[in-house]
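Mapping the sequence shown onto full-length UniProt numbering, position 470 (from 1) lands on 470, and the numbers just tick up by one.
Warning: the hint list may mix true and false statements.
[Unchecked claim] Result set (DSSO-like, lysine-lysine): computed pairs, CA atoms no more than 27 Å apart in a straight line: (1) LYS582 with LYS592; (2) LYS3 with LYS94; (3) LYS94 with LYS118; (4) LYS3 with LYS297.
[Said to hold, decoys possible] Restraint-style ranges between C-beta atoms, simulated for each label pair: (5) GLY411 with GLN290: 38 to 44 Å; (6) GLY421 with GLN237: 30 to 36 Å; (7) GLN290 with PRO514: 26 to 32 Å; (8) VAL467 with ASP49: 40 to 46 Å; (9) ASP541 with LYS592: 22 to 28 Å; (10) ASP485 with ARG228: 32 to 38 Å; (11) GLY446 with LYS592: 56 to 62 Å; (12) CYS22 with GLU230: 20 to 26 Å; (13) GLU26 with LYS115: 25 to 31 Å; (14) GLY413 with GLY446: 21 to 27 Å; (15) THR36 with ALA590: 40 to 46 Å.
No wet-lab data here; the hints were simulated from the structure.
Where a beta carbon is used, it is the ideal one built from N, C-alpha and C, also for glycine.
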Amino acid sequence: MPKITPGNRLYLYRLFSREIGCGRQELIGRFGEVLTRDGILPEDLDCTDVTQLLGELPDLIKLRIFRKGRVYATLLQRPELDEILARDAQAAEKGAGAAGGARSWRHKKGKGDPKPTKPHHRRSKAQPTDEPLTAGATATTERAANVDKRPMPTDEPAAPTVPAIQDEATDAATTVETSPGAAAISPATSTERRPPISLTITYDPHEGAGTSPQPDLPKRFSTDVHCRDEALRTLYQLLPYGTDVMGVLDEDWTLARSTGTAAGTRGRITFPLRYRDGTGLPLTVTLLRQPRSVSGKRWSLDCMDGNAAMGHAHEDPEAEGTSLADQGAWSDLVTGRTVTPDASPDPVRELASFAILGAWEDFLGPLAAMAEPECWDYPAGGASGNQGTDEGDPYGVLREYVALTFHRIMGQGKLAVADDGSLAAFDTGLVDADAQSILACLVPSGDAVIAWRLAGVCVAGSGDLGVRALALLASPPARASYIEDPSDALPPEEGRPITLDADEIVGHQLGRLPRAFLDSQIGADASDGTLADLERAVSADPGRFDRIGRALDDACAHSLRRVRASWRACTPIYDPTADATKLLVPLCLADKRHADRALVLSRQASGSCLASVILTLPRARTLARVVSGELPSWLVGDAR
């Protein structure tokens, strides 16, 4: 347990304020350099590293974790500590001025302020070394060894057989037997007789592989983490109105445990939420391990986005403007007419709550390498238009592909499980160079919340994992199917009515339309500025609203003529929010010879089609790739 006295805290505050300054956000390594130059090590305060040391000072240091695990720290301004340091400096000056004069024997009572105390450097104790035996000692040992070699009776039970794990096993089972003669020890080295020990070492190449959560960490947030009223009040104030706070914490903590995005020390863990602040950075929650359990819970909610969870979240101006982070291309299919956003499924969290995946790169990297070469990343020009999807993710498309495929697999009941429950697998829908299906294999995790753990990807019958899947699964896992009726992949017939939901598109999807198209409809002066300004400019003028609606009707009619002339120009997509297959057609808005957006057509029970969603081309390509790898040229060429 770290031991930081009030004097140590005051000393560190003075050191950091002098060398770095208050309110400046610096890499955590900068704080480590300051400590090293001053001769202070984290071990001097019973901390393992600088991160744990700064984490033990939440009232002085604000920690923030950015993308790719970069940790920044900011020294907070503490006026009361500045006053203590000022009084200490004044007392030191008075003491120096009165040093040459007569010293009074009457002591004045101070204010009880702590004194800045530098942590004492702790030296490691030297390990005792074995001294060589002298000649006399050797002779004594030999005489003692020759006196009686019979084992002495003992009241302790015989040592049981001890299982061990071999680091580098070559055989499936190895038996090691040690006899008294083989284990003979020189009398000058030991005077004890070792009993024979029989060890049976069994090695399972699949057991213990992968990433599993630490047993001390909370399994479920709502039942294993203590949340004070002040902390919950802060969360309700910070997150959007109507948010199921405990449900969000449960799901996001499970996602962090499954994908390894929770970071910290043994006593302090930080994980991201699905929401972002006004600067676009994810909000983070910090858990603190208590020395004593509270209501049977050893972990408690300590910080929200780096602020102590005591109702001060809105003092940070960056916390204002909290919004939901981009959840994936599938989230663009959610409309107010189909399903409420809170009730829509989240395929990524569904997969993470089913199996412990480990880091996404460790899962998706081998899968991409095993499958046929394909472009799995979003283009550098922007993945989602104005949606804010992270760029530079080499497996952004593949992650959504696997999540949507697993969602469909579970919906169709096509998860293959061994009879003894020791293995489960599902078909990813991808194939290798020999057109063999690639499987994702799962093994029991032993976790109370996340029942399975990813064992790896394989081809049935190839490699250790593939041989095991072939031996344990009664039948190969079936692929997910999306086309139940051939007409789902064909354009609407002539005479079928097509209804364009202009209210939904113009009212809620205005940011997905090309800026050149908006300039031509409402003028460049009105289209300049932020998206909120653009929405106000359109909603305040009914004429502008009608002009955009008529232009969309013309573009929709042009798209239907194009796909009816060549049915290969359209492609089906899977909508997890409605668990249905829909049709994607090209939409030419800025230039009739060039498709710059995609229009989603949803077949109704009456046979008519409803067009209520417009997608950017990268998002459309992500959704279309789930159903088929053969995509139309207008979608592939512009999405790369």
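Consistency of the hints with the structure:
no., hint, in the structure
1, LYS582 with LYS592, "holds (23 Å)"
2, LYS3 with LYS94, "violated (32 Å)"
3, LYS94 with LYS118, "holds (22 Å)"
4, LYS3 with LYS297, "holds (23 Å)"
5, GLY411 with GLN290: 38 to 44 Å, "holds (41 Å)"
6, GLY421 with GLN237: 30 to 36 Å, "violated (45 Å)"
7, GLN290 with PRO514: 26 to 32 Å, "violated (54 Å)"
8, VAL467 with ASP49: 40 to 46 Å, "holds (42 Å)"
9, ASP541 with LYS592: 22 to 28 Å, "holds (26 Å)"
10, ASP485 with ARG228: 32 to 38 Å, "violated (55 Å)"
11, GLY446 with LYS592: 56 to 62 Å, "holds (59 Å)"
12, CYS22 with GLU230: 20 to 26 Å, "holds (25 Å)"
13, GLU26 with LYS115: 25 to 31 Å, "holds (27 Å)"
14, GLY413 with GLY446: 21 to 27 Å, "holds (25 Å)"
15, THR36 with ALA590: 40 to 46 Å, "violated (57 Å)"
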